[in-house]
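Q: Each protein sequence line maps, in turn, to chains A and B. Each residue of the first sequence is one higher than the one before, counting from 131 in my numbering. Each residue of the second sequence is one higher than the one before, counting from 30 in my numbering.
Treat the hints as calculated values from the structure; they're not laboratory data. Note that the structure is predicted; figures quoted are calculated from it, not measured. Every residue gets a Cβ at the ideal spot worked out from N, C-alpha and C, and that includes glycine. Check before you lean on any hint, since a few could be wrong.
[As the list claims (entries may be wrong)] Straight-line Cα separation of at most 25 Å, DSS-like style, residue types lysine-lysine; simulated pairs: (1) A/Lys203 to B/Lys250; (2) A/Lys302 to B/Lys70; (3) A/Lys276 to B/Lys70; (4) A/Lys203 to B/Lys249; (5) A/Lys222 to B/Lys112; (6) B/Lys298 to B/Lys112.
[To be verified] Label-pair restraints from in silico Cβ distances: (7) B/Glu95 to A/Ser181: 33 to 39 Å; (8) A/Lys190 to B/Pro74: 47 to 53 Å; (9) A/Ala176 to B/Gln181: 39 to 45 Å.
Residues per chain, in single letters:
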Amino acid sequence: MAKAEVNKGNLVVIGGSSGSLQVIIYILGRLPNDYPIPVLLIIHRAYSIDSMLLDLLVLKSNIKVCEVEEKEKIVPSCVYLAPADYHVLIEKDETFTLDYSEKLNFSRPSIDVSFISAAEAYGKNLTGILLSGANEDGAEGLKEIKEQGGHTIIQHPDEAVVNYMPLQASYKSEIDEVLDSEGIARYLISLIPA
Amino acid sequence: MSLQDVELQLLLNDMIDRYGYDFTGYSEASLKRRIENFMIKDHIPDISMLRSLIFKNPDYFRWLVEEITVNVTEMLRDPLFYKTIREEVLPALATYPFIRIWHAGCSTGEEVYSMAILLKEAGILHKSRLYATDINPQVIEKAKSGIFPASQMRKYSENYIQSGGNNDFSSYYSSNYNLAKFDKSLSEKMIFATHNLVADSSFNEFQLIICRNTLIYFDKKLQSRVLELFDHSLDMLGFLGLGTKESLRFSGIESKFKQIVPGQKIWRKQK
Ligand SMILES: C[S@@+](CC[C@H](N)C(=O)[O-])C[C@H]1O[C@@H](n2cnc3c(N)ncnc32)[C@H](O)[C@@H]1O
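Looking at chain B on its own, in the form it has when it is part of the complex (with noise of 0.2 Å):
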């Protein structure tokens, strides 16, 4: 299975003037690969088959963006760079009346949970609000109930040590058969929503922003975008946070923004 560079850009264009998703700003290796690994797990022989079931059937076309976008996950990933979230941000977001954080891209969510953790217990989450959006409704109606698989739990509980936490980590969750169901506690300060990073605009204005592992599927034209799109949406002296592997370095923001830590991915924009 082989898609052509033409027939990916027909299917693309389909699913613009049908559906209005643009995933014209991917990287086109990794966006390539999923939709070839698509055709051969629902066996769709060549790509006007593709095309004919997206144009006549809606709910085909959501389970291909469900599968085309890449929604691995885990708690408290990078521990070291939670822990400079703890000793770095927190403390001067401390200092404000009331904190809004955005997680963009935020998968099912176990992202979302590691920051109400840490904001906990730095005493803060009672004034947080954490809006956690994904362009994948299936994620954030997983991420919305808090209930992680078990078998990762001893993982995540490693991370949570190195991230500097010194609580019992499994006092955050009620286990039941293989499922962890984290604390009410822990999400009464969580907006879950579907937004999408190519078309949406910003919707609020916030302290600290986290996307990480998201502008990686993004060419970097759209990258630079969705910078300019934290830019807007972030205030004066406003953090940002991005995955291990991702920067500033392609885009027109990078001047306004230092980074806080050498080594660690999160800057903090400049008056």
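Next up, chain A with everything else stripped away, as it sits in the complex (with noise of 0.2 Å):
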């Protein structure tokens, strides 16, 4: 096992379910090409999506998007897109594990598994976004990531396609910001280090 190294860079993690797909490419999109940040997305897919959700994602995008890869270390500048049917789990030495046990909200990749993940990992230095669905999942991720001492974020319920996984987060803990898309890019530019 890897010794556990004190983790100085940050991570945004984004979760999203059913209608969170065009908020996602909206806030990709506007992003610049040398963003610095990586991004880690959870996505819930039909099986009909599966395989073109990256090139589209990849083609929406100014920045490198890419899917997961095992024991991939994390870079700045890059879009980290969880594969099908794996839970992405995230070291402590900044690399990805991915896992393939049991589904989690109904869900592989789930957003909880990872959130938690990340919230060991990266504590105050993580931001935890959750999008629209109809689905409990990424709620007690962001509790997590709260306690963890992270920022967490979920889209404004007024906006969300399906705002049940919004909802239900605000149900489970305090919520730093509710924002619209617009807001929600805004704010991960201004993480943007002068």
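Each chain sits in its own coordinate frame; assemble them with the hints.
A: What follows is the structure in structure tokens.
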């Protein structure tokens, strides 16, 4: 087991389910190609769009988008997409571990699994964002991110195509910011060091 | 419930000292998650309680091992992998007088029965031996029975068709209530045993080794050690099949192997 290092990098984790794809495409389109903070996307996907999702995001984004690879080092200016049918865990040495355990909240990848593990590895250097969806995945994860000192954001329930997921999160823990797509994009841009 | 790193180390050291099971080379994030979930499920308040239960009670330790290893599996998972086995690997194996296959980390055996079906359809099952091993004795017992939930058969049948199968998948099992029992003719050539990839050595020479979704639970160093074990256990020109998200990338054996089809996780050992 790798000796845990103190983690100094930042990480943004974004979870979304039904109705979240358009928001993600909008946000990625707003980020500059040298956006310095790595972003991990956990998106519940329908089988029909499985293989096309990555291509679509690559097409719509200025930054490099790639699927998470096993034991890959997390580096800046990269958007990582959780692969179909695996959970993504984050190690303290800033690498990914894939996991094929039971579905959680009927989902694999599960947003909670990644959020909770990212919270442990990145602590206060983590921003967790939860978007539209009809599932309660992500609520427990945002709570954990908050408890570990990270920053939590949900998509505004009025804007979300399906507001169940952000609402569930807001019942479970105190959320730092409730923002629409534009607000989320602006927030992410504000994280760029001057 | 959040385990501290030192607590985890203490627990893992106990497991080595008392039982000879070494989990220190496992990926920390998933191991921690499994142990934390176990503690919540069994209402264990803290690590000292867990350590003392394990220390006193070998059955309890066995149960913990069963719970922290991830045993999720299915038949013909990733049908295109099996299609490549049918089209590229089995024709090469068919030229041998005797075929030895090792399924390492076979879990409850779905993968082994899948392979037996492919071998049977290629007309070479009679001259094959399938060695199927796992660290967890409980899943090995299940695997021996060849009985799987009937509710899965629809999905498996779809996988089967996508893998290039032309028969009626239901001809391979008989249903009884909610269980599907696979045909005896498939399991005749299977040998099941417990084997720990961390501690145990090679036990034969094989023409094909399948180890899928097991290396992902190991850290890079252990992955690379296990891949070396596979290299030693493979005949010249033998095949190695890994999971969709696994590769030879971080190992010392990469240069000796060639991926047989781009995008499919099957390699062949080069002369
Ligand atoms: C997710 S299952 C993979 C099952 C199947 N190969 C598949 O891909 O569907 C991982 C298996 O690896 C086994 N395993 C974990 N550590 C092991 C070790 N050190 N030696 C042998 N097997 C191990 C677990 O018990 C589990 O059954």
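Q: A separate judgement is required for each hint: does it hold in the structure or not?
A: Against the structure, the hints come out as follows:
1. A/Lys203 to B/Lys250: OK: A/Lys203 and B/Lys250 at ~15 Å, within 25 Å.
2. A/Lys302 to B/Lys70: Roughly 21 Å between the alpha carbons, so the hint for A/Lys302 and B/Lys70 holds.
3. A/Lys276 to B/Lys70: holds (24 Å)
4. A/Lys203 to B/Lys249: With a Cα-Cα distance of about 12 Å, the restraint between A/Lys203 and B/Lys249 holds, given a limit of 25 Å.
5. A/Lys222 to B/Lys112: Since the Cα atoms of A/Lys222 and B/Lys112 sit roughly 38 Å apart, the hinted pair is violated (cutoff 25 Å).
6. B/Lys298 to B/Lys112: Distance ~20 Å between B/Lys298 and B/Lys112 Cα, so the pair holds.
7. B/Glu95 to A/Ser181: 33 to 39 Å: Holds, since B/Glu95 and A/Ser181 (Cβ atoms, about 35 Å apart) stay within the stated range.
8. A/Lys190 to B/Pro74: 47 to 53 Å: holds (48 Å)
9. A/Ala176 to B/Gln181: 39 to 45 Å: violated (21 Å)
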